[in-house]
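J.: Given next are the chains, with one letter for each unit.
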Amino acid sequence: MLSLRVLLLAFLSATSVLFATDSSAPFKLTIQLDWVAEPEHGGFYQAQARGFFAAENLDVTLIPGGPNALVMPKVATGQAHIGQADSTNTLLQQAEGLPVVQFAAVFQDDPSGLLVNADSSVHRFEDLAGKTLIARPEWAFLPYLRKKYGIDFNIVPQNFSVAAFLGNKEAIQQGYYIAEPYHIVKAGGKKPRFLSTWDAGFRAYAVLVTSRKFAREHPDVLRAFTRAYIKGWRDYLEGDPAPAHAAMKAANSNNTDEFMMASRQLIIDGQLVTGRDADSGPANIGRLDPARYATQIEQLEALGILKKNKVTPATALTLDFLPTE
Amino acid sequence: MPPLVELQNVTKRFADGPLILDRLSLTVAEGEFISLIGPSGCGKSTLLRLLAGLTPLTSGSLSIAGRPPESAATDLSFVFQDPTLLPWLSATHNVELPLKLRGFPSPTRRALAERSLDLVRLRDRADAYPRQLSGGQKMRVSLARALALSPKLLLLDEPFGALDEITREHLNEELLAIRDAQAWTAFFVTHSVAEAVFLSTRIVVLSANPGRIQKIITVSFDYPRNADLRLTRAYHDLVTEVSRTLRIAEQEPAPSAP
Amino acid sequence: MRPSALRIFLPAFTGALFLAAWYAIHAFLSEDTRFLLPTPGAILEAFRDHASALATASLNTTKGALLGFGLAIFVSLASATVLSLSPLLRLSLYPYLMILQMTPVIVIAPILVLWVGAGLPSVVAITFLICFFPLVVNTTQGLISTDRNLVELFRSYRATRAQQLLHLRLPAALPYFFTGLRIAATLAPIGALVGDYTAGSSAGDGGGLGFQALIYSSRAQYPALFATAVVTCILGFLFVAIVIALAHLALHHWHDSFDRPDR
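Residue numbers (the numbering used here), protein chains in the order written: chain V, 1 to 325; chain U, 1001 to 1258; chain S, 2001 to 2263.
So here's chain V without its partners, still in its complex pose (with noise of 0.2 angstroms):
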């Protein structure tokens, strides 16, 4: 209830917003990142840092998220004008009628999962029958999960601290195992075991996406933000990230160079940004394929998670804004 309110009021401040730009000064974009400040928006603090951004004539703002990011109704109401987000789950939302599109990939395969106490008795995704896990509830893998392996389990919202995983043996939380497992590690814990979604099949980006009506309104302002972006992302992986962890630093003082550091070789480590299929490399960075996600919308219509005929390649997902080969 408290989101539908604040939708409303975002959506008339968001109106005002727009009509006070001018075409002759920068643009002023605000994004709203999914989660608080980490090498996996090392394309965005990069690119701010080393000025890219403002090459193209972009006034970013970056907006840290937490354990309450409300990515998508600020994006769907225009509060921010680009979010990152989960591909499947957005599919998920998309097809329920929000109308948001994915313009951009962030990684070419998300590093969610599963992290598993060391000590626990789960190793597979069947062992999951039964057991409770901390996860946030719109997670699309959840109910993929059950649907593959026909198994139920307990949901409990989560606010993605490793406090309750450390206090629980049996304790599964959702996480990035290029973050979360340094951090328990660091807290005292047993490096944890990490049950990946694509072992269970599941593919999603990790992506961007915009309103369907900025993007009608301002393709030449994503154009170019891509463009930074993607420029960013190639300079944080192969070149100097200094400048990006400055910022992350400053963002979020829980940011250490070791952690960053160790994040961001596991992103090099596991091609993440460049992709892990046969068309890996720089020239992927930001790419979306059609193809990988009509296989997805057709595994999910059949596991009876995503509502039939709702959403296709062509209204889920846009090419126009990516730079042309």
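Quick caveat, the hints were computed from the structure, so don't treat them as lab data. Take these hints with a grain of salt, some might be off.
Unchecked claim - Calculated lysine to aspartate or glutamate pairs in the EDC-like style (CA-CA distance at most 20 angstroms, straight line):
(1) V:Lys190 / V:Glu170
(2) U:Lys1215 / U:Glu1241
(3) V:Lys249 / V:Asp109
(4) V:Lys169 / V:Asp127
(5) V:Lys310 / S:Glu2031
(6) U:Lys1152 / U:Glu1070
(7) V:Lys310 / S:Asp2032
(8) U:Lys1215 / U:Glu1070
(9) V:Lys308 / S:Glu2045
(10) V:Lys307 / S:Asp2049
(11) V:Lys310 / V:Glu138
(12) V:Lys310 / S:Glu2045
(13) U:Lys1100 / S:Glu2152
(14) V:Lys147 / S:Asp2032
(15) U:Lys1100 / U:Glu1114
(16) V:Lys310 / S:Asp2256
(17) V:Lys148 / V:Asp199
(18) V:Lys307 / S:Glu2045
(19) V:Lys147 / V:Asp220
(20) V:Lys308 / S:Glu2152
(21) V:Lys147 / V:Glu180
(22) V:Lys190 / V:Glu180
(23) V:Lys148 / V:Glu138
Since the model is a prediction, treat every value here as computed from it, not as a measurement.
With chain V's structure known, arrange chains U and S on it following the hints.
T.: Same frame as chain V, but now just chains U and S:
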């Protein structure tokens, strides 16, 4: 016949306060109807409460049927100025209250309550709740409650004071009728001389500050008394005499008892 | 038109106007913003589609609310009785009761989750806390405010303290208790929902309406979210209505507050 109530030099003072009652002595035989009348502050209500054992004596002695008031609880009933009915109980259950508190079984309680309500002629309203009853009716229930255990001593503190003249006169007549049916002794506090004369065998006129007995006037009209009594000359003369004594009590209080 | 007919016709007419306005606004909204206000039809459809989830959730919320409510009644009656018997205890404890009452439950909720566990235990705990204070404060007040005359009456019967409590103070305190109960009844569903929202889980048969609201809002299923809100309203209304009916049953035959104006 030994007296039912004996007061000897009864004195009452509250904490560090003024003297309320100063060495009262009085002997009351069974069957008497004693009215206590006097100006405000003469301690008539306090005297009643001493008799009921609701407050202790400061000095002197007080016995009811040969026992101190604290242990005479079962022999007496107190009728308050306010009907003090429990609003959530019907008339019958209100009358049954003292019986219930004393552990009487349900059928006995019911029988005694019905009989009591018959006495005050309120049987037809037995199931009514206090808020459905008039002031006079509530007082009758209060009376019925007091009479349920057939007490030896009935203590009444201005019970009809809040009612209108006509209702009051009717209740006076009813009270005497009940007295004919049951044999109890009464101490009756009132502000109304006419009421005192109509009801009593003896009237104790008190003076105030401190409370002392000004004069005791005997009422020699025969029982049963009825409404016609109020029309007689003798009645009016007695009312005048008591009123005069009352006036004197206000203006020239009696000196301390020897 | 007769007054009794008006009483039905006028609200019905206003309701119809309201529905028409709702559809009009929805049609007036652009493609991009239509999702903000689902039509009544869409909400009805959501009711059908999510009927079993909403039914289970309602049952769970009711369960949590009733348990917390019941526990609060029980504990508050016991506490009020103890407090009414000792002025010393009252003086010692009242300030802390007041402080605890002021503390917003939403702030305490995460701590409660840690202590009693997520799911039904937290829901019951939060509902209990939110209902306890109005009940204990009102009932204690009722127990110590007994009419002095009636207390004197009982003294004149040499009634024991226990008799006084059972036959006088407790019945006399009933109107006060019901005042507290009415307040607690409006709070219990809120407590259950807040508990569910902050600490709910799908454990057992699933979470309650608060948990459902969380899920629907996180999945952008807004018609279902509206449907949840409607169910919540109905539930809250029923809760209070039942308590008011109980109060009426217990009090109407004797309490002044039920006097009709013509008496």
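J.: None of the hints should be skipped; say for each whether it holds.
T.: Here is how each hint holds up against the structure:
1. V:Lys190 / V:Glu170: Between V:Lys190 and V:Glu170 the Cα gap is close to 13 angstroms, so the pair holds against 20 angstroms.
2. U:Lys1215 / U:Glu1241: 11 angstroms, holds
3. V:Lys249 / V:Asp109: Violated. V:Lys249 to V:Asp109 sits at ~25 angstroms, over the 20 angstroms cutoff.
4. V:Lys169 / V:Asp127: Answer holds: V:Lys169 to V:Asp127 is near 15 angstroms, not above 20 angstroms.
5. V:Lys310 / S:Glu2031: 15 angstroms, holds
6. U:Lys1152 / U:Glu1070: With Cα atoms ~15 angstroms apart, U:Lys1152 and U:Glu1070 stay inside 20 angstroms; holds.
7. V:Lys310 / S:Asp2032: Given pair V:Lys310, S:Asp2032 holds - Cα atoms ~16 angstroms apart, limit 20 angstroms.
8. U:Lys1215 / U:Glu1070: It is violated: about 28 angstroms lies between the C-alpha atoms, which goes past 20 angstroms.
9. V:Lys308 / S:Glu2045: Given that 20 angstroms is the threshold and the Cα spacing comes to 16 angstroms, the pair holds.
10. V:Lys307 / S:Asp2049: Roughly 12 angstroms between the alpha carbons, so the hint for V:Lys307 and S:Asp2049 holds.
11. V:Lys310 / V:Glu138: 18 angstroms, holds
12. V:Lys310 / S:Glu2045: Holds. V:Lys310 to S:Glu2045 sits at ~16 angstroms (cutoff 20 angstroms).
13. U:Lys1100 / S:Glu2152: This hinted pair holds, its Cα atoms lying about 17 angstroms apart.
14. V:Lys147 / S:Asp2032: Violated, at about 33 angstroms.
15. U:Lys1100 / U:Glu1114: Roughly 14 angstroms separates the two Cα atoms, so the pair holds.
16. V:Lys310 / S:Asp2256: 62 angstroms, violated
17. V:Lys148 / V:Asp199: Satisfied, since the Cα-Cα distance of roughly 12 angstroms is no more than 20 angstroms.
18. V:Lys307 / S:Glu2045: Given that 20 angstroms is the threshold and the Cα spacing comes to 14 angstroms, the pair holds.
19. V:Lys147 / V:Asp220: 42 angstroms, violated
20. V:Lys308 / S:Glu2152: 77 angstroms, violated
21. V:Lys147 / V:Glu180: 27 angstroms, violated
22. V:Lys190 / V:Glu180: 12 angstroms, holds
23. V:Lys148 / V:Glu138: 17 angstroms, holds
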